[in-house]
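S.K.: What follows is each chain in one-letter form.
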Amino acid sequence: MSDKSVLMFPRPKSDTPGLAKPGSMLLTQGALMALGAAALIVLPFLVTGYVLYIANLLLVFIVLCLGLHLVIGETGQFALAHAAFYGIGIYTSGLAGNALGWPFPLSMLLAGLVAGAVGLVIGAVALRMRDIYLALATFAFGEAMQWVFLNWDQVTGGPNGLRISPARLGSLEVLTDRQAYPVVVIVALLMIVLTVVISRSRLGRSFRAVRESDVAAMAMGIPVRRAKITAFGLSAFYAGIAGSMFATFSTYIHPDSLGFQTTILVLTMVVVGGLGSITGAVGGAIVFGLISEFLRQTPSYQEIIYGLILIVFMMYAPRGLFAFVRDLMGRMARG
Amino acid sequence: MTIDVVFLFLQQGVASGLVIGSVYALIALAIVVIFKTSEVPNFSQGEMVMAAGYIALYLLVFRSMPLWIVMPATILAAYAGAALFRRLVLNQVARANGSPVNLVIATLGLSYVLRGFVRQTGFGDTPRSFPPVIEPQSIMIGQAAVTTLDLVILTTAVLVMAAFFWMFKYTKIGRAMRAVGMNPKAAQLVGVDLTRIHMIVWGLSGGISAIAALLISPKVLMTADMGSIVTMGFAAAIVGGFTSLPGAVVGGFLIGIIENFVGLFISSRAIVLAPFVAIMLVLVIRPQGLFGGRVEIKKV
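Protein chains in written order, with this note's numbering: chain Y, 1 to 335; chain P, 1 to 300.
Treat each hint with caution, since some may be false.
Which residues of chain Y face chain P? A few of them, derived with a C-beta cut under 8 Å, are [said to hold, decoys possible]:
1) F78
2) I132
3) Y316
Simulated restraints on C-beta separations [what the hints assert, rightly or not]:
4) P:F7 with Y:P103: 56 to 62 Å
5) Y:A38 with P:A80: 52 to 58 Å
6) P:V277 with Y:P103: 36 to 42 Å
7) Y:Q297 with P:G191: 52 to 58 Å
8) Y:A38 with P:I285: 54 to 60 Å
If you are wondering where the hints come from, they were derived from the structure by calculation, not from laboratory data. We put the beta carbon where it would ideally sit given N, CA and C, even for glycine.
Please put together the full structure from these sequences, using the hints given.
M.R.: Below is the structure:
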């Protein structure tokens with residue numbers, strides 16, 4: 001039963017057999033997780049502020065990727081307005097901190113909720129369309145939002161950008177990347193856990209059913225429209241939270257960094273990691289975030305290399321880096 | 001604003017709108033012809049326009065070649081580049097995983113490569129402009145002021161579109177393209193070489209982009225980011241229904257006129273926003289566009 005829609009998504013194939021027994025696989029996974037957790041804990045004691053800044057940024061990208069993963073990878077809806085929701089999150093939490101002096105957990109929640117609410121409204125309108133039309137409508141919304149950030153001078157500071165005052169909790173002030181790091185790590189971990197929970201719940205299953213074929217999903221009694229709008233709203237919520245995470249360690253935001261380019265950067269991460277898997281979204285964010293940071297000094301090379309990575313991955317590893325490595329290892333194991 | 005001023009603005013808006021709209025229509029045509037035959041919205045169309053503009057600039061200014069060589073050379077280069085991209089890259093992408101979203105992402109990749117490459121050459125660092133090809137003289141049509149260059153742009157664009165429509169409707173290649181658009185498998189069964197048709201479609205789309213670049217470059221400042229003009233092409237294509245070639249042309253002229261009206265009657269700051277509002281309005285009110293026909297019911 002296949003639905004030849006325009007923007008159909010690669011079906012995740014079952015894992016290559018012959019790699020390892022399920023038990024040892026679980027063990028490696030557990031070991032990897034423990035290793036990752038240990039690295040996250042010791043990191044701030046070992047490295048400089050700059051490295052911690054990069055770590056914070058990567059964690060923000062991870063949450064952005066998880067959001068896009070929910071709507072594109074899980075639900076199969078090609079939405080291209082992620083940077084707009086990210087921007088809404090940054091400005092909301094920044095302004096709540098600047099003007100109202102809210103403690104940061106509250107302004108973070110507010111940022112997520114505002115972005116999520118806007119996402120629900122846009123989703124309700126845009127999800128009447130599918131495929132290319134949905135992509136273009138969300139693209140148009142993203143560009144329009146960037147225009148709003150750039151021209152709503154009284155609120156966003158317009159082309160001058162906005163200074164974000166340090167995040168506060170009681171008398172505690174977050175002044176450095178080092179101080180922001182624990183907050184950012186905890187929020188990122190919470191979001192990863194939330195994603196896993198959603199993915200394994202009834203809701204996550206209904207997302208994937210919609211991705212495979214919305215007609216079949218409807219026939220199974222899944223409220224397709226509601227599932228799509230929920231995914232869209234959740235994805236916006238994630239982007240809003242990512243924005244507020246960014247606001248805890250950054251002191252300044254300019255609308256230039258909230259355009260289509262940023263959406264494409266996040267899309268690239270999700271695609272390179274592997275559409276449809278949480279590991280892919282997280283891994284893609286780390287790998288590609290590092291590449292993009294290393295190439296920041298030379299924008300022309302950065303663009304050429306981004307482009308080539310996208311093209312080469314689509315040509316030879318369309319299911320992403322991790323599936324590619326797994327296939328390779330499977331092939332080697334079989335000789 | 002008195003009645004006189006409104007009337008003057010209306011005339012000027014329509015005149016300037018038709019001129020710039022003819023370029024948007026060409027870009028929209030280039031987008032739609034690819035979409036019709038392979039269901040891929042080409043996100044690198046704007047960068048194809050940009051790259052072609054820089055090829056022409058390079059030949060004209062840095063190699064000081066005469067215009068009658070530069071123009072065909074640019075169009076040919078764009079044709080060859082686009083056809084090769086389809087053959088060497090997109091064919092492999094389609095083989096690796098047939099889903100159109102991968103093709104779309106590959107076109108996004110191409111747009112990055114082209115932009116980075118132009119930046120790398122250094123020509124894109126400062127805004128440049130084409131040397132004036134013909135002496136711009138002002139001509140009054142009614143109360144609207146246009147230049148001779150404007151008239152050349154409009155005439156050329158209309159001629160190119162006419163030639164394209166004739167090709168699409170009456171030649172064997174055109175028929176093959178339409179067949180591929182309707183049903184690729186059936187087209188293949190009756191002897192259409194899919195690879196060849198896709199290459200020609202991409203080549204033509206690249207060639208049309210190059211013509212659009214040659215027409216628009218004397219009027220704008222060229223930068224490596226000038227590919228953002230594609231937004232207007234997408235807006236035009238959507239207004240026209242995205243699968244309709246005549247729709248793309250009408251949409252192009254409409255977007256051109258709307259853009260000028262917004263600039264004259266509302267504010268020049270709002271011009272940038274106009275295409276996005278147009279896209280969203282059309283998609284919400286009439287998603288199939290003006291010429292899109294009925295929404296297809298898909299088989300499961």
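S.K.: Run every hint past the structure and note whether it holds.
M.R.: Each hint tested on the structure:
Given the 8 Å rule on beta carbons, the hint for Y:F78 holds: about 7 Å separates it from the nearest Cβ of chain P. Satisfaction of the interface hint for Y:I132 is found here, the shortest Cβ-Cβ separation to chain P being roughly 5 Å, below the 8 Å cut-off. Interface restraint check: Y:Y316 against chain P, minimum CB-CB distance 6 Å, threshold 8 Å, status holds. The hint said 56 to 62 Å for the Cβ distance between P:F7 and Y:P103, and at roughly 59 Å that hint holds.
Distance hint check: the CB atoms of Y:A38 and P:A80 are about 54 Å apart, consistent with the given range 52 to 58 Å. Taking 36 to 42 Å as the suggested C-beta distance range, the pair P:V277 and Y:P103 conforms, at roughly 38 Å. In this structure the supplied range 52 to 58 Å holds for Y:Q297 paired with P:G191, their Cβ-Cβ distance being about 54 Å. Judged by the Cβ atoms, the range 54 to 60 Å given for Y:A38 and P:I285 holds: they are separated by roughly 56 Å.
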